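Chemist: My request is simple: use the sequences and hints to build the entire structure.
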Amino acid sequence: MQHGKYRFIVGFLVVPLALYALFVLWPFVQAIFYSFTNWSGLSPDFQMIGFDNYTRMFEDEIFWKALRHSLIFAVVLPLLTIGLALFFAFMLNVGGRARKGAAVTGVRGSGFYKIVYFFPQVLSIAIVALLFKFAYNPTDGVLNSLLRAIGLDSVQPDWLGDPDLALICVMVVLVWSTVGFFVVLFSAGMASIPKDFYEAALLDGANRFTTFFRITLPLLWDTVQSGWIYMGILALGAESFAVVHIMTVGPRGGGPDFSTIVLPLYVYQNAFGPGQAAYATTIGVALLIVTLLFATVVMRLGRRERLEY
Amino acid sequence: MGSTSANDNGGLGRRKLMKRSAALGLLTVPTMSFLSACASGDGDKKEEVKGGTKSAKNPLAVNETAELDFVLFDGGFGQQYAKDAVKIYEKNFPKAKVKFHATQAIQTELQPRFNGGTPPDLIDNSGKEQMDMGALVGQNQLTDLTALLDAASYDDPAKTVRDTLRPGIVEMGQFEGNQVWMLYYAYTVYGVWYSKKLLDSLEVTYPETWDQMIAVCKKAKAKGIAPWTYTGVHPYYIPFTLFPMIGKRGGPDVLKAIDNLEPNAWKHPAVKDCFEAYYELFKSGYILKGSAGLDHIQSQTKWTEGKALFIPNGSWVENEASKTMPKDFDLAVGAPTGIDSSDKMPFGTLWASGGEPFIVPAKAKNKAGGMEQLRIMLGEASSKSFTQSVKSLSAFNGGTDGIELTPGMKSVVAALDKAGKNVVNPRIGDWYTVLLKEKIGTAGLGEMMAGRLTPAEAIKRIQGFADETAKDASVKKFKRQ
Chain A
1 MQHGKYRFIV
11 GFLVVPLALY
21 ALFVLWPFVQ
31 AIFYSFTNWS
41 GLSPDFQMIG
51 FDNYTRMFED
61 EIFWKALRHS
71 LIFAVVLPLL
81 TIGLALFFAF
91 MLNVGGRARK
101 GAAVTGVRGS
111 GFYKIVYFFP
121 QVLSIAIVAL
131 LFKFAYNPTD
141 GVLNSLLRAI
151 GLDSVQPDWL
161 GDPDLALICV
171 MVVLVWSTVG
181 FFVVLFSAGM
191 ASIPKDFYEA
201 ALLDGANRFT
211 TFFRITLPLL
221 WDTVQSGWIY
231 MGILALGAES
241 FAVVHIMTVG
251 PRGGGPDFST
261 IVLPLYVYQN
271 AFGPGQAAYA
281 TTIGVALLIV
291 TLLFATVVMR
301 LGRRERLEY
Chain B
1 MGSTSANDNG
11 GLGRRKLMKR
21 SAALGLLTVP
31 TMSFLSACAS
41 GDGDKKEEVK
51 GGTKSAKNPL
61 AVNETAELDF
71 VLFDGGFGQQ
81 YAKDAVKIYE
91 KNFPKAKVKF
101 HATQAIQTEL
111 QPRFNGGTPP
121 DLIDNSGKEQ
131 MDMGALVGQN
141 QLTDLTALLD
151 AASYDDPAKT
161 VRDTLRPGIV
171 EMGQFEGNQV
181 WMLYYAYTVY
191 GVWYSKKLLD
201 SLEVTYPETW
211 DQMIAVCKKA
221 KAKGIAPWTY
231 TGVHPYYIPF
241 TLFPMIGKRG
251 GPDVLKAIDN
261 LEPNAWKHPA
271 VKDCFEAYYE
281 LFKSGYILKG
291 SAGLDHIQSQ
301 TKWTEGKALF
311 IPNGSWVENE
321 ASKTMPKDFD
331 LAVGAPTGID
341 SSDKMPFGTL
351 WASGGEPFIV
361 PAKAKNKAGG
371 MEQLRIMLGE
381 ASSKSFTQSV
391 KSLSAFNGGT
401 DGIELTPGMK
411 SVVAALDKAG
421 KNVVNPRIGD
431 WYTVLLKEKI
441 GTAGLGEMMA
451 GRLTPAEAIK
461 RIQGFADETA
471 KDASVKKFKR
481 Q
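Top to bottom, those sequences are chains A and B.
Counting from 1, one number per residue, gives the positions in the first sequence under UniProt numbering.
Counting from 1, one number per residue, gives the positions in the second sequence under UniProt numbering.
Among the hints, a few may not be true.
Unchecked claim - These stretches of chain A come out as covered by chain B in the derived footprint (C-beta under 8 angstroms, 3 or more residues): (1) 160–168; (2) 200–213; (3) 261–273.
Hints are computed from structural coordinates only; laboratory data are not their basis.
Every value quoted in this text rests on a predicted model; they were computed, and no experiment measured them.
Glycine included, every Cβ here is placed at the ideal spot set by N, Cα and C.
Modeler: Have a look at this one:
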């Protein structure tokens, strides 16, 4: 009884798909087109110049730096964020000692922790970035003040002013601000895992470690995978742009010695100001390819048997 | 409850549908769609308005009824001075409406208008979001202001506007050839800024040679004051004192070669001497700790609090730092300290140049109106009110008589007197903004002042950046004669 199903679905989707094509897909086509021109962004006149922008990009040292940093973001940030979020969510939902009346509970005060973790989520990323910028201030910032307070006067890093630290500083902020979302997402996923699985495991004498790896993670795998892709796209796109642009030093962000430059920021730096809009779209195309590759790789690696319950 | 394999579902399973919609969703990388949305303007280019009647009062033949669209950068100088000038325009042309708008986001607001072919008639293109001048000129987006310069001045019909300007202002608006693409309204003196009171308390005078500088630094440090600070977040402030120092050491031709992106321009011994002198400040611990991570406001505040003695800055600092500057600070500017008596130019050599560049776009509807508004601003009355309210000189030569000058202004006037003809004026920042700010500034000088590059490494790297720009066909080149 499958025929007609596609027609049925398409019937519902035709309007949203048309809107999607017009406002999302078409600009992509346009952007790819502009990457073959010398459009400045300052006047509507331009000529086709073939692959010049691409050759220029491959010879551009800063592009490679930006690409490297973006790839680091795409690999490290999901790993950290999702790892932490899984740990927190597990502790909040399953990790507690068994109390009277409930076989499976979270640690004490888990309701409170949930709010604490989720809190950064209500702040806009721009505010988060600004707050951390103050915290990282090398003279009056809270971090160095703390270090001084505990007698570490000799350890006063420049944080965002130090090319060796700046990228790490930025990544910490992104992890801090997104981990709460995944804690809530994974908590919801864990809540839908039947309690009797856990009870059975408890009866068998399984410890938390085994419970997590044998029951929770496999049953949560789909959620983890979509979370991974979502986080990767955040790390490659808008969020990384915002924090790097707002927090890091340099006239328009990008860190000392280009130490925090990422692809979306480099797109911005070229598009606005120096009249290199076509070159910016070229880097945008590179960003598109990187993002698609990332998603494909994650989907491939993540494919596994799925349980339905 | 049962187990199904991912690949084993007849028809369109939930998983497949989700996979497909996810794949589509992946296409939403945000930056790209945003970018191309603003490409290719709509093509309905507005016609330029007709000229009015030329007269002694209206030498530029402004259309008396045409609307004027004026966008001002709302920065360190505020917007009152421009508003006052707009009032004069409206009084002179009662039938004309002036659309005045002040903003900090010059580029965000105006780039789409340029691209769409409907830019305003007059723009103060300044601030953090300044549109790249080299790119605007290279793309033929600006009007030549020669007509304005040759028009009668606002106060005296016997003089042209050109005659009333400070030296160097007209040249700064030129990129190559004789056209003047922009008119700088403020007149900025760059140099080493300090509190005269603090310097006096150290019982020293302002140092003229580098040995003296080191001696002053030693004294300051002994008293617990950091001798120098700078904005590590905007390291292109360092050139404010370093470039004129290079010019003083090796003569103006060294700076000319740098501006012209000549091969090995940065390898001149004068550059090396000056870089090494500045590096010595870092090595001897004469720079306020943490400066590498401070922005301009933060470093200026440290400095007004008396935690640091010297800071490289421009004359806008008196207005900008006024909130934190103690009443008895006694602000002063020093011309860059040289190396020793073998310098090619005397002590007093400094960098003074226009600030707040005003432009009239090539596609503006009411070009004559834009120029007329500028002519009014360059009149004595407007210029005086500017100087008085924002503590900065304007491009109008004079206009300081009868005004009570603040300490900083007084020292600016004195510094200009002392410099006389020895004013150097590096152009690399106007011509190649990205090269100066992001490459030479942040990745070169900023790194050296933070101690992460030696002078030799910094020079090598900066020369590399300059060579790269010289080679880059997409950047329009300019030449100093």
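Chemist: Give a verdict on every hint.
Modeler: Results for each hint:
no. : hint    : verdict
1   : 160–168 : holds (count 4)
2   : 200–213 : violated (count 0)
3   : 261–273 : holds (count 7)
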